[in-house]
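Line by line, the protein sequences give chains A and B. If you read the first sequence in our numbering, its first letter stands for residue 1, the second for the next number, and so on. If you read the second sequence in our numbering, its first letter stands for residue 1, the second for the next number, and so on.
Derived from the structure by calculation, the hints contain no laboratory data. One thing to keep in mind: the hints can contain errors.
[Claimed, not checked] List of simulated lysine to aspartate or glutamate pairs, DMTMM-like, C-alpha gap at most 25 Å:
| no. | chain 1 | residue 1 | chain 2 | residue 2 |
| --- | --- | --- | --- | --- |
| 1 | A | Lys207 | B | Glu131 |
| 2 | A | Lys91 | B | Asp341 |
| 3 | B | Lys297 | B | Glu347 |
| 4 | B | Lys135 | B | Glu250 |
| 5 | B | Lys191 | B | Asp146 |
| 6 | A | Lys219 | B | Glu149 |
| 7 | B | Lys118 | A | Glu117 |
| 8 | B | Lys377 | B | Glu403 |
| 9 | A | Lys96 | A | Asp253 |
| 10 | A | Lys81 | B | Asp308 |
| 11 | B | Lys276 | A | Asp130 |
| 12 | B | Lys297 | A | Asp172 |
| 13 | B | Lys290 | A | Glu124 |
| 14 | B | Lys258 | A | Glu136 |
| 15 | B | Lys74 | B | Glu355 |
| 16 | B | Lys290 | B | Asp406 |
| 17 | B | Lys118 | A | Glu86 |
| 18 | B | Lys333 | A | Asp82 |
| 19 | B | Lys135 | A | Glu261 |
| 20 | B | Lys276 | B | Glu250 |
| 21 | B | Lys389 | B | Asp117 |
| 22 | B | Lys438 | B | Glu403 |
| 23 | A | Lys188 | B | Glu207 |
| 24 | B | Lys74 | B | Asp349 |
| 25 | B | Lys74 | A | Asp82 |
| 26 | A | Lys91 | B | Asp328 |
| 27 | B | Lys135 | A | Glu180 |
| 28 | B | Lys96 | A | Glu121 |
| 29 | B | Lys206 | B | Glu231 |
| 30 | B | Lys290 | A | Asp172 |
| 31 | A | Lys91 | B | Glu334 |
| 32 | B | Lys258 | B | Glu403 |
| 33 | B | Lys258 | A | Glu215 |
| 34 | B | Lys297 | A | Glu161 |
| 35 | A | Lys207 | B | Asp117 |
| 36 | A | Lys96 | B | Asp657 |
| 37 | A | Lys96 | B | Glu334 |
| 38 | A | Lys81 | B | Asp341 |
| 39 | A | Lys81 | B | Asp298 |
| 40 | A | Lys96 | B | Asp341 |
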Amino acid sequence: MKKSLAILALAALAAGVNAEDKIVIKGSDTLGAKMVPQLAELYKEAGNEISFEIAAEGSSTAFTHLQASPADVGMSSRNVKDSEIEAFTAKGMELKDWTAAYDMIGVVVNEKSGIEELTLEQVEGIFTGDITDWSEVGGDAGPISVYTRNTSSGTYKSFQEMAMQKRDYGADTQKMAGNEQIAEEVAKNANGIGYVGLAYCEKDGIKPIAVDGVELEPKNAKEYPIARSLHYYTVNGKLSEAATKFLVWATTDEKAAEVVERVGFIPASE
Amino acid sequence: MSLNDEKKTPENEKDGRVVFRRKGFQFLGMGLQDYIRVFFGGNASLAIIVLILICLFLLREAAMFFPDHHQGLKSYRQGGQELVGYVSDEVDAHTKVYSSANIAYFAEVGRTSIHEDKQLRAYRTVLANVEQSTKYTWARLERYLDEAEDLNDDVEDLREDIEEASADAEADAEDLKKDQAELAEIEARLKQLEPLIAKEREQLEKEVQTALGTSRVWDLDIAARGLSDEELSMVREAVVFEAYPDAEDEHESIQNLKQVSRDKKAAEAERLADFKETLNGIRDSIRPMKSLYGEMKDISVANRREIDAFSTAPARRAALLAGVEQTDDPAEKERMQKQADEVVIVEPDYDAINEPLYALVPQHGELAGPLQDEMNKLFRQLPQEVETKSARENMKRAAVYYERFDNTVTNNRDRILDWRHDAPLSLWTSTTSFMFGKHWITNSSWHDFYGLLPLFTGSLLISIIALTVSVPFAVAAAIYVNQIARFKEQSFVKPAIEFIGAIPSVVLGFFGILVFGEALRNISQLEWLQWVPGFPMAERLTILNAGLLLAFMAVPTIFTLTEDALNNVPAAFSENSLALGATKLQTVFRVIVPTAVSGIIAAILLGFGRIIGETMVVLLVAGNKIKIPDFTEGLGVVAQPAHTMTGIIAQELGEVDSGSLHWRALFMVGMVLFVISLLVNWAAQRTLKRLQKI
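Using the sequences provided together with the hints, build the complete structure.
Written as structure tokens, this is what we have:
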């Protein structure tokens, strides 16, 4: 009896210690699906005694979450909105923006499609619904099926700003839950087109196309027209020391940069 | 507790309401049984209170939608976006005409090269399949080949160095030796690579052959339809040729095909030069209008920004002031205070900001007439006779769109002239534009539209399909199990059907995406099924897919309730019928089913309630296209994707700012669903009551 009590007490103690050294990171699916979990693993392997809690449910959740517990980190694939900044100001908090990495959004088509390249104008036409048939852009005749992210996604908005001149998506576009689902549908539909993060472009059955003659390759990040930066957001003055250390490491360390590159982004330090 | 305890309390036994025969546990003058009664009674009333609170909460959030929505529509008008929207409609209508005619043109251009294009497509399909199934070996082989190539380059360099060094008497013997050693090392590695490459190549060859052999996949069948065996074997040969990482250019026959296809297209294009010229004329005719539209759009977007800034300024100021209270840092305090003082809350001068838009209205009038005339002329110049089916269809579509474009411009003329930014906007408009609005556009950089119709039609269409499929099955199964089946059958079929209800809907959703959707689409490609409207289906995620899955989910509900209704028919009815000499079948269909019919209708209604409220399956499987389905395709409409009321709430609610208009709009959708459910349940209760009267 005494022994088990001692174990219980020990467990409670351990839990207490853990609770202090835990970094909670929430937000974007683009960052949180692969990059941040892998960074966290590597960070732990490097001998840092710390635990992570990572939840990736979309960029907007980063800010709602940060408001509730300012000690943590938010991930976002878009810039913070004015209305979101206001909510923080109202609580006397100020946001700090860390560039996590750069991302290129790949326009992908089915592997069987004859299309290898589109101009940015054609991409805009396809996603706004002005162009509805592949024959209009030099492919075999067939109605285009357009797959996009859903409206809450940061990628949805960034793509609109970078590739569609902020015009609205066409009514015929289909809103998918995530990168994975878009890749899946495009891979199964010979007339499909969609956009996914760089990390998803190599999936079976799809191929990224060149936009304005620029191939989707990390080395072309500067010329490729649909590229953006990814962010970590934190609250000034409230961030724990451990989390600060982690963020500095994640954005500057060479090993971290390797991870960032491996999951298909371009490290912030470059 | 001993017997003694009981005996001490004889008064309890006299009490008729004894629940536990125990010695009076008394607290605050109430016994145990009283507490139990209060507990259960309290639970029931708690449930009712919670229900009422939920209703009130829903109602409050939803009711707030209309004033907010009204404000949004008002800003849309005050900023001049409504006016610009008219011009935008004209431009969009024009784009549709051009696009359809353009598709028709390309269909004509590709008319003679159809066969070549088909072979090329088959080639790409087979190649993609082969590449997918051989990609690991391919990657390994590529790595080895790359390494070998690099090494060979090194060898060449080294040899050159060595040659130079040995020719040069003054060269360092040490260096020479080092080079030679390195050369030997590299050559050893190359030797090592040779068998590896050979092995991988052999492996790849085997895999390519297997992949070719098993390539009897659906899409290949379709791609190869209409190709001769000879052509197919050519395609295969070209694929085998291309399937290695060191393959040079594409196979000769493919290059040939491409060239032939290009030549044929060029020849057709030459023949259709007039067509193209007219098309270019159409494309260019909108240019002046488009640039006017761009100019107006910029103005109205700036206006809208000003209006929105005004409406959010008080909030911004309040936020900053609250921040001043919250923070302890004096410097921060001062900075925020300063920012708060800088926030100006001045209502924009609507007349002034719309002035430039009014100034552009006459210009629109000047452009509209000539545009219509030119389009009229150009449209008549388009060829009336086209060869291919696709071109004919698209020309027909273009004619419809042209008509629509012409009407839009004509109707808009007065509308644009009469438009006033300060025209009153009734609250009723806010309601109707939600209930009957045709667009649901959120997170827009222009203006968010909240129109229920696309979502409502999607939900309704899916429900109708689900009901038409599930009702016959479920009702027939219930009649059979209840009246005709033997006991053994009964005891197997009933639990089996009821088990369907236990399948989690998210599991069904996954099944719908990965298995059912794929199978449905493949079946729709079968040649002998092409008479079915909507076939072949382009999408996996469609109204039909969702409807059929929901039908499956509704079967247990309808089945169980129908069976209950049949059970409720008094035994005397069937006994009388049988006694009068009716057969069993006559009894079932002339007596029992007609008696139970209101119960069956109630069952169907409740099944409908189950279907229209289902979320997970439709979210995953319906395809999420926020557009009113195109009913011009007749029954083929079911092959289109759609979005639903339940789906949109699940998809968007998690991420919108609470209290925003978008958030409230979603609550309003929830409210509509709630009302539908309520009505359906009420109707079901009513029909059931009628059953009880007989």
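Item checked: Which numbered hints fail -> 17, 20 and 32
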